[in-house]
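K.L.:
Chain Y: place on chain V using the hints.
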Amino acid sequence: MSLLQVTDLKKNFGKENAVRGLTFQLEQGKCVALLGPNGAGKTTTLRMLAGLLEPSSGEIIFDEQQGVTDYRKWLGYLPQNPTFYGWMSGQEYIRFAAGLSGMEQKEIGKRTEAVLSKVGLQDAAKRRISGYSGGMKQRLGFAQALIHEPKLLILDEPVSALDPIGRREVINLLREIRQETTVLFSTHVLHDAEEICDDILVMAKGRLVEQGSLSSLREKHRQPLVIVQVEREREALLWLDSLKSKPYVIQADIKADIAELTVHDLGSARDELMREATENRIPLVRFEAGSSSLEDMFVKVVSAQ
Amino acid sequence: MRSTWIFYRKEMLDMSRSFKLIWIPIVFAILGITQPIISVFMPEILEMSGGVPPEMLSLYETPSSAMVMVQVLSQYSTMGVLILVLAGMNSVSGERHGGTAELIMVRPISSFSIMIAKWFAQCTQLLIAFGFGYIASFYYTYQMIGSLSWTSGLASFGLYGLWLILAMTITLLFSTILRGAGAAFVTLAILALLSLLNSLLPTWFTWSPARLSSLAAEVLIGNTLSVSSVIICCLITVGIIVVCLLSAARLLQKRVLPN
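Going down the list, the protein sequences come from chains V and Y.
With the first letter of the first sequence counted as 1, position 56 gets the number 56 in the UniProt record's numbering; the numbers rise by one all the way through.
With the first letter of the second sequence counted as 1, position 236 gets the number 236 in the UniProt record's numbering; the numbers rise by one all the way through.
Okay, chain Y solo, but in the shape it has when bound:
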């Protein structure tokens, strides 16, 4: 327990010294803020670029604040996930291949403690980044476009946050097996596959973790969700996270040293 805490503090120190704790939230905030700004100023932007007939401009309607928040989430689904995966891909593989793991694992700390500490540190970073970005975009949308429901905002934050945590956990798992770039590639492929299956065959994949992102969007728009499908989705996602963490710990134990 104590060694987990020590390791967690080391991870956080690493993140703050490498400025990850600053630049990732900033990128998330920029991603989040641009969406409402672009939505509001779209007519002006089009006018400035020229060549757009005025009739078309007059047809432009500023989307509702809920729609803008949905677009923010879709930004996070691509750029946000990419940044998180790239930032986390070397978390374990860097230590294994760089040799720092060798000096850690000869001390009385279990690989499970290490993985848990890393996971919590990544979670902290993720929640700071996503929280900061989400609050910023929520605030801007609220101010520039119109009111939003606090409760649905919070619910969608929770659902989408869980999806991001899953993405981060999968990165951590593959980071134990593969080198950084390989881990990032495999993780992104898996996430893309999950999302693709979810949008192609939504009725088949009601349980899929990728449903979390569409549930988060629906909450924002104001649709009522079936409680049971939310619970199933969340439980399955949490289950996958736990399995990923346990297998990552087991794999790290087996192969501290790169072959």
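In isolation and in its complexed conformation, chain V is listed as follows:
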């Protein structure tokens, strides 16, 4: 079931086209990463989805079945650098945010406590926000985005500004949150996306250049490439040279003890090679069946633009 449907979304700032026509949909319950290099238009896109920027053209439909027009009630949003009122305490801010989202007074008390302890701020809840560290502010940002149990959580670079420990905490938190709600977050750290996401959208220069589930993208961009390296022994080198003429090899690039073989089908080629190597007792040094990483895919699709 699609929760958010975006059609041909565009945004111009003067003559500059920040976003040039995005079409995608978010499935309910998924965790989706919006990837892209700096300046790709990720923040602009998220701000339009959050209703902070008016799109120049295009359509955003939230929860088609229920026909919600002002969907801000169902949205949790965390900007790149969230700022709070320093003179409030963490608890006061969360209560304030909950009130603005239209929650009932009784509910607010319970939820505030629950959310603050979820993000690990229960001990600092009564302290002024001006005394919070960067990581604590980020966690407070999560708390304010979660307080009203949104259907969709939009996070703009939730981890890039944090130190490794803060990053770890946020990733773990995200992993918990994604059990409960749909999450769309932008990042330029591929590793984070790989760790927690189901689906990926890749943006470059204001366009969507690749989208799909993590596994399907891996499959699609997998290079059918096998790299074999052997000990520098005569028999082994001969065997390596003989690989050129195997039927499953399309192209072979053999440099002394290393062979890079482009193959028809990765699975069967791998089996075949392994079997032969064992049968002939070839002293293997390295054997790589080429699944190119997400990073290779990213570099490839982004630089193709």
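These are computed hints drawn from the structure, not numbers from a lab.
Careful: at least some of the hints might be erroneous.
Claimed, not checked - Pairs of lysine to aspartate or glutamate, EDC-like flavour, derived with a Cα cap of 20 Å: (1) V:K73 with V:E107; (2) V:K126 with Y:D14; (3) Y:K254 with V:E16; (4) V:K220 with V:E295; (5) V:K10 with V:E59; (6) Y:K254 with V:D70; (7) V:K30 with V:E149; (8) V:K220 with V:D198; (9) V:K246 with V:E276; (10) V:K244 with V:E272; (11) Y:K254 with V:E59; (12) Y:K254 with V:E54; (13) V:K246 with V:E235; (14) V:K73 with V:D63; (15) V:K106 with V:E92.
To be verified - Interface residues of chain Y toward chain V, partial, derived using beta-carbon atoms under 10 Å: (16) R2; (17) R9; (18) K10; (19) L13; (20) S18; (21) E102; (22) L103; (23) I104; (24) R107; (25) V256.
Said to hold, decoys possible - Rough simulated footprint, nothing fancy, chain Y against chain V, three-plus residues with beta-carbon under 8 Å: (26) 38-52; (27) 70-80; (28) 87-98.
Positions of the beta carbon are idealized from the N, C-alpha and C atoms, including for glycine.
P.N.:
Only chain Y this time, still in chain V's reference frame:
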């Protein structure tokens, strides 16, 4: 409605935590009280400073209590307005440029609710400050110089209060468009221009909101005012306030994020 109330409470909490709710009334009271005190003790002050011939001192007449109250209002026209404008200039621009607006506007609250809440909060602060200062100066003048009419005092409070509310509303409007200092500058320039035109060409600008301050002074002195000109003045001022608020709300909606 409920979100307006929540936002109003947040604004008031901000004002009390930043002590604006205390120091602005205190400044207004000091401004108000010094006027009657100086008027009464002027001969002594001049004598102490020396070099003033005694003949001149004997010529000094303590002004009437109504005149002293008029001087108090003129103090408020300069220092009072300046303080209110400076205190209010960051009300919206601080939230826009500081980034707190971004987290507010993603919630289901309209920009109109935000502006109304801010306006009422500023009004509360203004009326507390002006009310406190005015009562203090009224009391001191009454005690030190002589009796004053309660009703004309009240009428002048109302007229002058409306002028101050207009000043505050204009600050709020420009605070949505410009950064703090720019907003203060533009507001003060507009107010100065209005007052200047009113005093240079009083017959042309009988409808001008700046007339409110001169009407307030006239009420104190005891002149009878033409009811129609008071009503026109008030209506026009209220109209300007409403237009300012509506356009501020519209502008905030259009540009939550600073470019």
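K.L.:
Now look at each hint and say whether the structure bears it out.
P.N.:
Going down the list of hints, with the structure as the test:
| no. | hint | result |
| --- | --- | --- |
| 1 | V:K73 with V:E107 | holds (15 Å) |
| 2 | V:K126 with Y:D14 | holds (16 Å) |
| 3 | Y:K254 with V:E16 | holds (19 Å) |
| 4 | V:K220 with V:E295 | holds (13 Å) |
| 5 | V:K10 with V:E59 | holds (9 Å) |
| 6 | Y:K254 with V:D70 | holds (16 Å) |
| 7 | V:K30 with V:E149 | holds (16 Å) |
| 8 | V:K220 with V:D198 | holds (15 Å) |
| 9 | V:K246 with V:E276 | holds (11 Å) |
| 10 | V:K244 with V:E272 | holds (14 Å) |
| 11 | Y:K254 with V:E59 | holds (18 Å) |
| 12 | Y:K254 with V:E54 | holds (8 Å) |
| 13 | V:K246 with V:E235 | holds (17 Å) |
| 14 | V:K73 with V:D63 | holds (12 Å) |
| 15 | V:K106 with V:E92 | holds (15 Å) |
| 16 | R2 | holds (7 Å) |
| 17 | R9 | holds (8 Å) |
| 18 | K10 | holds (6 Å) |
| 19 | L13 | holds (8 Å) |
| 20 | S18 | holds (7 Å) |
| 21 | E102 | holds (5 Å) |
| 22 | L103 | holds (6 Å) |
| 23 | I104 | holds (7 Å) |
| 24 | R107 | holds (4 Å) |
| 25 | V256 | holds (5 Å) |
| 26 | 38-52 | holds (count 4) |
| 27 | 70-80 | holds (count 6) |
| 28 | 87-98 | holds (count 5) |
Violated hints for the displayed structure: none, as all numbered hints are satisfied.
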